[in-house]
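Peer 1: Position chain B against the provided structure of chain A, taking the given hints into account.
Protein chains: 2
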Amino acid sequence: MPAQEQHSDILIVGSVAFDSIEAKTGSVDRALGGSAIFASMAASYFASPRLVAVVGEDFEQGHFELLGSRGIDASGIKVVAGGRTFHWKGRYRDNMQDRDTLSTELNVFEGFDPVLPEAFRWSSHLFLGNIDPKLQAKVLDQVTDPRFVGMDTMNFWITDASAELGKVLERVDVLFINDEESRQLTGERQVANAARAILGMGPRYVVIKRGEYGALLFAADMCLFVPAVLLPRVVDPTGAGDAFAGGFMGFVSSAAAIDRKTLARALRAGGAMASFAVEQFSVGGLVGLDRSAIDGRVRMLDSMCASE
Amino acid sequence: MPAQEQHSDILIVGSVAFDSIEAKTGSVDRALGGSAIFASMAASYFASPRLVAVVGEDFEQGHFELLGSRGIDASGIKVVAGGRTFHWKGRYRDNMQDRDTLSTELNVFEGFDPVLPEAFRWSSHLFLGNIDPKLQAKVLDQVTDPRFVGMDTMNFWITDASAELGKVLERVDVLFINDEESRQLTGERQVANAARAILGMGPRYVVIKRGEYGALLFAADMCLFVPAVLLPRVVDPTGAGDAFAGGFMGFVSSAAAIDRKTLARALRAGGAMASFAVEQFSVGGLVGLDRSAIDGRVRMLDSMCASE
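These protein sequence lines are chains A and B, in that order. At position 261 of the first sequence (counting the first as 1) the number is 261 in the working numbering, and the numbers step up by one without a gap. At position 141 of the second sequence (counting the first as 1) the number is 141 in the working numbering, and the numbers step up by one without a gap.
Isolated chain A (complex conformation) (with noise of 0.2 Å):
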């Protein structure tokens, strides 16, 4: 075994963005956001992430000193001189779960062509989130044999690079991905008949995402469901799906084997991230917390399925 190889290494590939939110709840400019900040931030209670994105020059030291702080490796943050950090703007309707975007700055993320530092080639466990499906090929033609590939993935790449992302789903271990998005991929209705049709796509797992309804776990043999940890109030559901698939990922990366019960966990694991993650905005969430906050949560979620 050559000796870059950890087991518990968990890259992960995305976006970094600052992210400028209306909602009935309050608003923020700029805050700290993208799906690789909500993963690695989510996975960093389970194992250390390896961050690989890209930023402008008006990311901060404090930005970087945030994800230091919480274990994550950003030796991978391409900082491009002179550019700007992907900036979103957005609106949450009353409802809390429709949104609408008031504008879209890719600024350096339209470039992002991500290049592993040599270490990061040998991560066992990998999560590509939701960006370009060429780009996430990439990523994975260069690492080597990892053992665990999940991947996320959003409706413009489902629509407009349909071809791209069937080559990735035939090459990862799990698709996370939305009710209405499997809807798309599929053309079927039921969940189970996505799921079904998903699987047949590659992957050996699908993830289905709900929202505020929980998730599903399908495997050809196995469906697994977590309910969405109960909130008095939710202050920002971005980057949810996200926190979700880190902390699920972050999970199965440290487990001893992948099976039903760690399955079973990692679900759990993701449902609590997600929980915390919507309470504030940008990671305020995502920060601070400790073991037996987290362990509380999966407890929770534990109580409201048991059967007895």
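Hints may be right or wrong, so weigh each one.
[As the list claims (entries may be wrong)] So the derived label-pair ranges between C-beta atoms look like this:
1. B/Val287 <-> A/Glu279: 31 to 37 Å
2. B/Glu279 <-> A/Ala306: 23 to 29 Å
3. A/Arg121 <-> B/Glu22: 55 to 61 Å
[Stated by the list, open to error] Among chain A residues calculated to face chain B with C-beta under 10 Å, some are:
4. Asn193
5. Leu230
6. Ser307
Just so you know, the hints here were simulated from the structure itself, not pulled from any lab data. Ideal placement from N, C-alpha and C gives every residue a C-beta, glycine not left out.
Peer 2: Below, chain B without anything else, positioned relative to chain A:
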């Protein structure tokens, strides 16, 4: 203990209707339906329901025979001479969730005045289907010291009879209500807050029905969840909520004690019966089941929820 009292008696009061339904899955004309029918058919697999309802002369002998074949005591069904049975016409949209009412002929249901047969006054368990809260109260007045009372309601009563509804809520053990109605009743968006507000109105338990996303049960110190059985095809969602309540109430009425385990199992019984109900038009899915089919679906739900 009076001779009349039998501990697994469950009295079910509600509507009997003929449903004419159009959906992308097919259509039916004047098929047997109504809250009392779906609930009692579902409950009949766990207990011996007693039915109180009103029908017209167009209610056929075959309908009585169907109820009899399920062990349902239909002696509380009043047949109005010269009258016609409640008739609802509706059309489901392509998502098989939203529906438009094409016509509602209340017919004899408009004059429904539930008077219980003497023997029914001693019923240990009572399910008040979705009818005018004034009538629900009138039924409650006629039952001697019931051990466990469940009720359903709908948006119409929440907006147009909230005072009467509030009075009934103070007298029942469990309210069955869907997500949207729970928000309407309480003004709370988050389900946990809505549930807490409802518990403050009187019932000891509230079951929040979420259709294909399952159901939640809340008590002051308890929150239980059951997902929906995942089906490859939904033919007709009409009556799913009533079948859920019927399965739940039937299970509870057959249990020795009402504790956490009983409630968790009752949620699964409800979920199983709802899943059978939606697989066919009318009560087709609730006829001719055997215990092993029901147990199979309950095990499916257990398996989905298992944490290892």
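Peer 1: Taking the hints in turn, state whether each one holds.
Peer 2: Hints and how they fare:
1. B/Val287 <-> A/Glu279: 31 to 37 Å: Given range 31 to 37 Å: violated, Cβ gap about 47 Å.
2. B/Glu279 <-> A/Ala306: 23 to 29 Å: About 28 Å separates the Cβ atoms of B/Glu279 and A/Ala306, which means 23 to 29 Å holds.
3. A/Arg121 <-> B/Glu22: 55 to 61 Å: holds (59 Å)
4. Asn193: Constraint on A/Asn193 satisfied, holds at 6 Å.
5. Leu230: It holds, given that the least Cβ distance between A/Leu230 and chain B is near 4 Å, below 10 Å.
6. Ser307: Because about 5 Å separates A/Ser307 from the closest Cβ in chain B, which is inside the 10 Å limit, the hint holds.
Consistency with the previously given hints fails for number 1 only.
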